[in-house]
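Q: Quick mapping for you: the protein sequence lines, in order, are chains A and B.
Every position in the first sequence, counted from 1, becomes a number in my numbering once 45 is added.
Every position in the second sequence, counted from 1, becomes a number in my numbering once 49 is added.
Accuracy of the hints is not assured; some may be wrong.
Stated by the list, open to error - FRET-style restraints, in silico, Cβ to Cβ:
1) B:E101 <-> A:D142: 27 to 37 angstroms
2) B:I132 <-> A:R230: 16 to 26 angstroms
3) B:R82 <-> A:Q201: 43 to 53 angstroms
4) B:L155 <-> A:N130: 15 to 25 angstroms
5) B:A88 <-> A:K191: 51 to 61 angstroms
6) B:I180 <-> A:D143: 45 to 55 angstroms
7) B:E101 <-> A:R190: 33 to 43 angstroms
8) A:A174 <-> B:E151: 24 to 34 angstroms
Don't read these hints as lab results, they were simulated from the structure.
Using N, Cα and C, we set each Cβ at its ideal position, and we do this for glycine too.
Here are the chains, one letter per residue:
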Amino acid sequence: MNKKTIGIGVVGLALLAAGTGVVLGDGWEREHEREGHRSGWFGWRDNPDVRPVRNEQYDSECGACHFAYQPALLPARSWESMMGNLADHFGENAELDDAAREALTRYLVENAADRDGYGRAAGFAASVAPGNAPLRITETRYFVRKHDEVPSRFVQGNPEVRSFSNCTACHRGAADGNFNEHAVRIPGVGRWED
Amino acid sequence: MQKRIAIIGAALFLSAGAVSAVELADQLQDEYRAVGAEAFDAEAGAARWSREVMANGQARSCAACHGSDLRQPGKHIRTGRAIEPLAPSVNPQRLVERKEVEKWFLRNCKWTYGRECSPQEKGDFVAFIRIQ
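Make the full structure from the sequences, and use the hints.
A: Structure representation (structure tokens):
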């Protein structure tokens, strides 16, 4: 590797670091408190809609079988209810040992829709009636409102998608907390513009 | 420079206290025998691997999610989640950590068969997986 290549590499890395800094650094939370804020170097690509998962245990224990849904997508009472009955997790056994269950419940509750002020969390929190503790994100009014124009042939009738629970099928940035509609690519359909 | 990288790499490898897939497979099979299992058979493991059981209205088997060729990635039949290959020959993270292996035996046997697997079944699965 000659000096010129190294130089380009260093500049590239510096730019990359500056770019990710907007997303990961302390600043991104304060800068993008509300949905719809679209500043940043790369526009909406930079701004997660919900706080991304930063929990290795959650990723490996829950994310091994399904998308690691961000805690901000349901209120704390929903997570408590769900984690209290893992032996029947949507009809499946998803039991954890006590230590893991307690640690993950804490993580989910502390970052839940009604505990996290970032991005769309408040939208999800406000859309669930106080007495309700839905177990399905797809049943929250916020979710329903955001997806009510999507025809079922794109989802249930689409073998590449099959269910609204399968976030990453269309929201390619879902794992980074990016659910922006401009980033949606529906398999076999393409971009989604309403 | 390269020598230093090699030394650091070796140090990291040793500090992880890692056992190889072969070593862990031997250890597990010894343990299963100690609690009553007989000799293990990779072909019996392979046959059970693809044997289907009905659960929650789905035909389930190990192969249903992990596939029949363990060197290829799998796909969870209920959620669509991608699953890394299970074969130690292509995925060095497989069959190297006892806690992971037992956790997934427990979880997946319950998911697939609605019960835990016996030591004999687990030993046969290990016999099948270790040679992939």
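Q: Would you mind marking each hint as holding or not holding in the structure?
A: How the hints compare with the structure:
1. B:E101 <-> A:D142: 27 to 37 angstroms: Since the Cβ atoms of E101 (chain B) and D142 (chain A) sit about 29 angstroms apart, the hinted range of 27 to 37 angstroms holds.
2. B:I132 <-> A:R230: 16 to 26 angstroms: 23 angstroms, holds
3. B:R82 <-> A:Q201: 43 to 53 angstroms: 48 angstroms, holds
4. B:L155 <-> A:N130: 15 to 25 angstroms: 18 angstroms Cβ-Cβ, so the 15 to 25 angstroms window holds.
5. B:A88 <-> A:K191: 51 to 61 angstroms: Because 57 angstroms falls inside the window, the suggested range holds.
6. B:I180 <-> A:D143: 45 to 55 angstroms: 36 angstroms, violated
7. B:E101 <-> A:R190: 33 to 43 angstroms: 40 angstroms, holds
8. A:A174 <-> B:E151: 24 to 34 angstroms: 42 angstroms, violated
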